[in-house]
Each structure stands twice: as C-alpha cells, then as structure tokens.
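S.K.: So the chains spell out like this:
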Amino acid sequence: MSKRRRDLLILFLLALAALTSVAVSLAVGSLPLSASDLLGVITGADTGLASEVVGTLRLPRALAGFACGGLLALAGALMQVLLKNPLADPYVLGISGGASVGALAAMLFGLPLFVLHLGAFAGALITMLLVFGLAHGDGSWTQTRLLLTGVIVAAGCGALVALMLSVAPEHQLRGMLFWLMGDLSQATSPWPPLAVLALGLATVLPFARDLGMLARGELPAQALGVPVARLRLLIYALASIFTAVAVNIAGSIGFIGLIVPHLVRLAMRTSAGNDQRLLLPASVLAGGTLLVAADTLARNLIAPQQLPVGVLTALLGVPAFLYLLSRQPR
Amino acid sequence: MSSPLLMAQGLDVAIAGKTLVRGLDIAVNAGDSLAILGRNGSGKTTLLHTLAGLRPPAKGSIELCGKAYSAQGPRGAARLRGLLAQTQTDAFPASVLETALIGRHPHLGRWAWEGAADERIASDALAAVGLQGLESREVHTLSGGERQRLAIATLLTQQPLLYLLDEPLAHLDLAHQIAMLDLTLSYSAKGRVAFAIVMHDMNLALRYCRRALLLFGDGRWIEGTSEEVLTTESLSELYGHRLRELSDGESRYFLAA
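For the record, the sequence lines run as chains A and B.
For the first sequence, our numbering gives the first residue as 1, with consecutive numbering after it.
For the second sequence, our numbering gives the first residue as 331, with consecutive numbering after it.
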C-alpha cells in the first residue's frame, strides 16, 4: 500500500535526520573533526584527543540532548491528546514549574549538584500529584478541571521562582537563568533519559490507536471500546514522568513539547494526519533532532561562550513552524 | 440469537439528583426500530448513553446480547453496539476517510493497521450516506450536514448490531433525513440489526419506526408500537403543546395546533 510506504519513508527520513544531527554535533566544536576523523573515532582506530573529546564530552551531551528532546516532544504529544487541546505542552500542568522551584531552591542554598537533581525531580513529582489530587477532588476528572488546576499551580510555581530569583545573590543568577531557559552543558550521563525514552515509547506505542481515538473525544472513544479512564491516567503519569526526567537533565527547555508534535502533524499531513502510531515515534525523532541541532548551535554560535539551548530551540522552531503553517492549503 | 440485542429491566436514569426515567423495562430485538421522543431535558440522551453502557444506571440492569456490559468488556461491547453522539468534535485535523475508518477500531488487534478490506468497508459506508468522492477532504471543510453524515458513515463502518442514534437527523436537509431513515429501514429489514433513534419529528417516527418510547421527564414513560403510542393525547402531553391529527385515509399526520 503506497500510503503506508510513504509513512514509513517519512519515519526513515526522520531517523536519518536524527543520525545526521548527532554526527554533526560530534564533529563541530572547538576541536573540529572531519568525516574521516569521526569515522576513525567510531571504529576505534583513533585513540587520541579526538576520541577523548567525542567519547567523554560530545557524545554524552548529544545523546542526552536527543533523549531530552524526544521525551519533551513525546510528553507534549501525549498532553495534547490528554487535554484534547492543540495548545497543550509538557509544562502546561505545572510539572516544569515544580521542577524549577526544586532546582532553584537547591541552587539558592548552594547545595551540591545531585541535590539539585533530586530537588528538581521531587518538585516535578510533587506538582504532578498535587495537580492530579486537586483536579480529582470530587471524583470527576474533566479536561477543563485538570487544565485549570495545572495552570494555577504553574502560576504559583512561577511566583516562587520569581521570588527566588529576586532574593538570589548576583553570582548565582546566571546559573539560575540558564537552568530556567534550558541548558545541556550539565548533561553528562545520557543513559538514564535514553532508557526512559525507550521504555516510555514501548509502553505508549501499543496504545497508539486508542490515543488517536481519545484525541477525537472521550464519548466516541469510549463508545468505540477505549478504556478511557485508565488510558487517561496512564498518559498523565507517563507524560509527567517524561517531562520530569527531561527537565531534570536539561532544565525547562521551552517550545519543543508544544511545537514538535505540530511540526510533525503538518509535515505528515498528506499521509498520516493525526495517526498517533506515526505521530508519536516521529515526534520523538523530530524532537531529539531539533534539540541536538539547537544545542550544536548553542555551543558554537559565539564560542567559546555558550548560549542557553532553549533560546535556540525557539529561534529554529518558530520559522520552521510558520513556514509549514503558511504552506498548508486552506 | 434467542436473547434480545438489548434488554433493560427496572432501569432508573438520573442526572444531577433528578430521576428522569423510573423503572424502565424494554427489549430491543434484531430487526426492531425504536423511536425515543421527549422534550428537551427529558433524559433521552442520558438514557441512550446508559443503554450504551457509557454511564452506570441509577438502578436496574442492562444486558447487551444477553450479557451485562461488564461481562462484554469495552471492546466486545463496541463490536455489538454503536453510538452516534449528538455533537461531533474535531480537535485535530483529519481527512474524511480517516474519520470513517476509526469505526474499525474495535475490530482491529492492538498492532493491526487498517487494511484494504477496512478501507472498502469505510468507502462503502461513505457511499451509503452520499459522501463518495470526498474521502480525502479535510473534516473541517465539511458543512454541518456533511459532518453529520460522516458521523453516520463512521458508525456504519463500525458495523454493530445495535445502533443507538442521538438525533441523527440534526443538520440534515429533508432529502437526507428521508435517505437516512430509508437507510435504517433497509438495514433493519434484513433482521440482523436494530435501531434506537432519538428524534423530534413524530411524523417520521410514525412512518419509519415500528416502536416508540415516550419519556415524560418526570420518571414516567410509555412504550409500545408507534401506531398505538403516538396519539394526539400522548404527544400533546409529551410536548406540553396541543397537537391535531390529520389523515389522508392512508396515514396519520400530527400538526401543532
């Protein structure tokens, strides 16, 4: 069937783009590497400085970036289904707000890095439980109620973040701002987020068609045999965990979770439309690629100084998104 | 096929603490066509959703093909009964064919993709409601009536035995209203499937539905063949507005007085 072949071709091209973005991020930097240098590093023929730089600095960062981008895009796609709202993103329910409060508090008191990670993760999970508990209060669980609770909790977290920024000593402000804008320079161990991404995708994909039904509305989904209540709980928990893990590693990188699912939807419009079975893996690939590309630019544009990657994801994503949107036949 | 497609016994339907239907006993058999009539807010939609197993009854029991909904499971139930909701929502863009194909969901395994056979079922359903040739159109470019017919096509694609339709004639022009009801007749005439249709037009109910259920909104209900249930007295009380009956010697017609 030609439609299926075209869908698979799109996935293949996205995978190719992902590989390319990682390869470029390995090659570019203060020590530029040619394609043959890179090949030498990969095959193990090179054991010198190049292999050191790639193995301990660039590869972990690129893989962590890819995992975080993928997680954020996946969480965004799930939140959009959960809230049946195309404007939802992983942060809309306050997860990143909670993480920011935890992380900034740790920074404010000058606590070590692992406490910062712990704080961010705890903040995210506490917000998740708080929002869920409050929205669930009277037993009913409507999208509007969940959305409102999440937005209010996020606003509260925003106020706490502003409070901490205003009392923080001068020399800590820069680190705090970078964390808030999203920054991959602290990402050293790529395996935990990659594992979460792989496990998460494996958990979600069997339900991909059910998710597509849910995106069309609760009542028709239920009438078509989708166990709506259980499925919503599952995607709420998964999207929250994905977001918490990504934010914990890279700070609250904006834009990816909101825009990537839409980018993919627009790019695939002619073939796949809103088919979650393609949308979810494609979002992971595109989100990872976008974050790796943005991070490569972030650390090279005005090298040796590094830019916060969150700024670059927006600067890359906005024109791409607007182009695809304007290209749409009305 | 000895047990009825749908059987409700001692069914109470309540919403927001108010009991709208009390002690409903009803059986819908294969080949049946049941019109459900009542004022706005008399519990027609709530009853339909309850009969579809989508909300628990306040009291009483419902059996779908001889088994409770809990025993059928959501997927099993979805292969036996289909629901046309009152409003259609499209939060995300999709094509007409994709939208019709979601009706195949309960028939497909977890990893299965819609195949050529499923697409043929969907195309046939689209043709049955007069939407052939619009397969690749965006749903949001359809008119209200076309969107409604697409929802009906999605339901036909689902191929249930029991069709629960909530105001299927809404947004349809006269010709399509008749075409839609003719479609239900041709389906139920084969004696395999049945329809329960929420509608407001008692004349069409009389003409197309063998049975009728009137909901008075205060718990009372009457059910029987359309011929005996649909009278000026019952309908005048049902709608709180006096009706006149005209006859051309062959059929009876109701008019608002």
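Source of the hints: derived by calculation from the structure; they are not laboratory data.
The beta carbon of each residue, even a glycine, is placed where N, CA and C say it ideally should be.
Among the hints, erroneous ones may be present.
Unchecked claim - Negatives, chain B to chain A, calculated, CB over 12 Å:
#1 R440
#2 G445
#3 T484
#4 T514
#5 R550
#6 I552
#7 G554
#8 V559
#9 S581
What the hints assert, rightly or not - Sample of chain A residues facing chain B (criterion: CB under 7 Å; computed from the structure):
#10 L87
#11 L199
#12 A202
#13 T203
#14 G217
#15 L219
#16 P220
#17 G225
#18 P227
#19 A229
#20 R230
#21 A314
S.K.: For every hint, state whether the structure bears it out.
M.R.: Checked hints:
Its closest Cβ contact with chain A, about 5 Å, brings R440 (chain B) to no more than 12 Å, contrary to its assignment away from the interface. The claim that G445 (chain B) is not at the interface with chain A is violated, since a C-beta of that chain comes within 12 Å of its own (minimum 8 Å). The beta carbon of T484 (chain B) sits about 8 Å from the closest Cβ of chain A, which is not more than 12 Å, so the claim that it is off the interface is violated. Every CB of chain A lies more than 12 Å from the CB of T514 (chain B), the least distance being 18 Å, so the non-interface label holds.
Listed as outside the interface, R550 (chain B) is consistent with that label: its C-beta sits roughly 27 Å from the nearest C-beta of chain A, beyond the 12 Å cut-off. The claim that I552 (chain B) is not at the interface with chain A holds, since no C-beta of that chain comes within 12 Å of its own (minimum 28 Å). Under the 12 Å C-beta cut-off, the non-interface status given to G554 (chain B) relative to chain A holds; the minimum distance is some 28 Å. Residue-level check passed: V559 (chain B) sits 28 Å from the nearest beta carbon of chain A, beyond 12 Å.
At the 12 Å boundary, the C-beta of S581 (chain B) stays outside the reach of chain A, the nearest C-beta of that chain being 35 Å off. Proximity of L87 (chain A) to chain B is violated relative to the hint, the smallest CB-CB distance being about 10 Å (cut-off 7 Å). The beta carbon of L199 (chain A) comes no nearer than 18 Å to any beta carbon in chain B, farther than 7 Å, and the hint placing it at the interface is violated. Contact between A202 (chain A) and chain B, as hinted, is not supported at the beta carbon level, the nearest pair being about 13 Å apart and thus beyond 7 Å.
Checking T203 (chain A) against chain B by beta carbon gives a least distance of about 13 Å; that is not within 7 Å, so the hint is violated. Annotation: G217 (chain A) was flagged as interfacial toward chain B, and the flag holds, the nearest CB pair being 4 Å apart, inside 7 Å. This hint holds: L219 (chain A) has a C-beta 5 Å from the nearest C-beta of chain B, less than the 7 Å allowed. Interface restraint check for P220 (chain A): the shortest CB-CB distance to chain B comes to about 6 Å, inside 7 Å, so the restraint holds.
Using the Cβ-Cβ criterion of 7 Å, the hint placing G225 (chain A) at the interface with chain B is satisfied: the shortest such distance is roughly 3 Å. Taken as an interface hint, P227 (chain A) checks out: its beta carbon lies about 5 Å from the nearest beta carbon of chain B, inside 7 Å. Because the beta carbon of A229 (chain A) sits about 10 Å from the nearest beta carbon in chain B, more than 7 Å, this interface hint is broken. For R230 (chain A), the suggested interface contact is broken, since its CB lies about 10 Å from the closest CB of chain B, more than 7 Å.
Given the 7 Å rule on beta carbons, the hint for A314 (chain A) is violated: about 23 Å separates it from the nearest Cβ of chain B.
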